[in-house]
Amino acid sequence: MTTPTDTPAAPAAPKPTRIAPIVTLDAKSFWEAADQEKFIGQKCGDCGLFTFPPRPMCPKCFSLKREDVELSGKGTVHAWTIPRHPHPFGFRESPIVAVIQLEEGTRIVSNVVGVAYDQIQQDMAVEVAFEPTMNNHKVPVFKPAAK
Amino acid sequence: MARTFTEAAIAGIGQTEFSKASGRSELQLAAECAKAACDDAGISPHDIDGMITFTIDNSDEVNLARCLGVKDLAYTTRIPGGGAAAAATIYQAMAMVNAGLCNNVLIWRAMNERSQYRFGQNPQAQQMSYQSGNGTGSLLWCVPYGAMTPASWGALQAQRYMHKYGVTNRDLGYIAVQQRQYAANNPNAWFYGKPITLEDHQNSKWIQEPWLRLLDCCQESDGGVAILVTSLERARDLKQKPVRILGATQSIPYNVEVISNYYHDDLTVMPEAQGVAKRLWKQTGLRPSDMQAAMIYDAFTPHVLLQLEAFGFCKPGEAAGFVKSGGMALDGALPTNTHGGLTGEAYIHGMNSMAEGVRQIRGTSPNQVQRVQNVLVSSGMAGAILAKD
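Sequence order for the protein chains is A and B.
Counting with the working numbering, you get residues 77 to 223 for the letters of the first sequence.
Counting with the working numbering, you get residues -14 to 374 for the letters of the second sequence.
I should point out that these hints are in silico values taken from the structure, not numbers from a laboratory.
Any given hint could be a false lead.
Derived lysine-lysine pairs resembling DSS-like cross-links, with alpha carbons at most 30 Å apart [what the hints assert, rightly or not]:
1) B:K226 <-> B:K373
2) A:K219 <-> B:K149
3) B:K267 <-> B:K5
4) A:K136 <-> B:K263
5) B:K226 <-> B:K20
6) B:K226 <-> B:K190
7) A:K91 <-> A:K136
8) B:K263 <-> A:K223
9) A:K136 <-> B:K267
10) B:K263 <-> B:K149
11) A:K150 <-> A:K114
12) B:K190 <-> A:K150
13) A:K219 <-> B:K190
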């Protein structure tokens, strides 16, 4: 049974303004998994090599058997910058853009969120989170790792 | 031309004015600089039989050939990777002449990159889109994260190097100041007569905080540059002193890509430039100390440091100190980007730096190095050694 209340309904969350990724056929499963808040990586079905960016053939054994496996989502900040000018489209405040070194050995460009500009540190430990984009998609971002 | 090995040389260079609004089509810029290169060499444009440009150039070979009245084109090719193609055009022209396939190879790059579209803007508002071969792979994996411009990709590529060796933005300022000093003395440079101080550099706005300021970034320019490559033998009979292409090569090591170059093993080095260096020194039997000047692709200042180290002019981590102590100056160990570079002269996608390499060998640079025998020209993924005949 619901109870009437005087508190107004929470305002609708603002519409996401982050640009959605360009999705190519070879990277489709990666972005579709991100929409489901799953952070996956490509692993060779024959030799087990992790690769990024996604590709149809394993560069080590040339296998076409690619497996999409869930990654730990843990990594470190390998390189970073704060884009100031021109102001990045779709961001209210400049994001921290970073190359994340993932536990599985591959790297990915992403954002570090939940960290003040003066708190970002080289090689700091981060873990995956997700943020919405325009057109109802989601992209993996990284926040400071839980202690 | 017989199909025997034929030595190649640069016989002509040509360019339009460098501006922010050319007021004419890119095809016209291409035609004007191509004609200027042919005039410089003393050959008729009708006799061009090979044409090379960048995949990203908007002018069509046939349309340009129609302007120039090219009678019978024997070879056309385009090179991928944005500005990385600059020195690779010389490489391919050399190979075409070496193989006895062409007599007169025209290289061109012409663009209204400031007035018609801008590489330095968010991709939302411009024509730039993902196309294979155009060095736009960064759009796939960077744009949703707010890394939307070449400066953002370049900063991310250079940051770990800067962190490892403690290179500060102020250190980069010495490159900017030196190049602007060269540009200030170069009547063709956009920044002719406009030198800067280190304080000007430090007062310019952040583009990528805390790594790149405005004065660390190449310009956005309109203009065209063309180079005419022929056989050394034929060049000797033409108008200018021949500029020999002693060696030239390209190198794209595994997992390396243009500018959004984050996937190879060690982000504190530039493996593509190391690969170019290794092949160039082997091809020519020369060493860094045999170069009297260098033109090094400087879309952003830190990439000059990475290339100075890759080519062996400095040990790892020592390039910033080399520059600070005047290493790039006319009286330094390696006068570098003596036209003012892409920051000081103009950004014609590196081709204006190739032309400056030619001028140094001819002895016609506005900032002429004394007693030049060999000049290195590098666009990161490709390089060439130009030499006196």
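Do the hints match the structure? See the list:
At most 30 Å may separate the alpha-carbon atoms for a hinted pair to count; B:K226 and B:K373 meet this at roughly 8 Å. For the proposed pair A:K219 and B:K149, the alpha carbon gap of about 23 Å is at most 30 Å, so the pair holds. Restraint check: the Cα-Cα separation between B:K267 and B:K5 comes to about 41 Å, which exceeds 30 Å; the hinted pair is violated. The straight-line distance between the Cα atoms of A:K136 and B:K263 is roughly 25 Å, inside the 30 Å bound, and the hint therefore holds.
Annotation: proposed proximity of B:K226 to B:K20 holds, straight-line Cα distance about 19 Å (limit 30 Å). Pair hint B:K226 plus B:K190 does not hold up; C-alpha atoms about 44 Å apart against a cutoff of 30 Å. For the proposed pair A:K91 and A:K136, the alpha carbon gap of about 43 Å is over 30 Å, so the pair is violated. For the hint linking B:K263 to A:K223, the alpha-carbon distance of about 46 Å lies beyond 30 Å, and the restraint is violated.
The suggested pairing of A:K136 with B:K267 holds, with an alpha-carbon distance near 28 Å, which does not exceed 30 Å. Simply put, B:K263 and B:K149 have alpha-carbon atoms about 24 Å apart, close enough for the 30 Å limit, and the pair holds. Between A:K150 and A:K114 the alpha-carbon distance is near 13 Å, which keeps this suggested pair within the 30 Å criterion. Proximity of B:K190 to A:K150 is assessed by CA-CA distance (about 34 Å); at most 30 Å being required, the pair is judged violated.
For the suggested pair A:K219 and B:K190, the alpha carbons sit about 28 Å apart, so the restraint of at most 30 Å is met.
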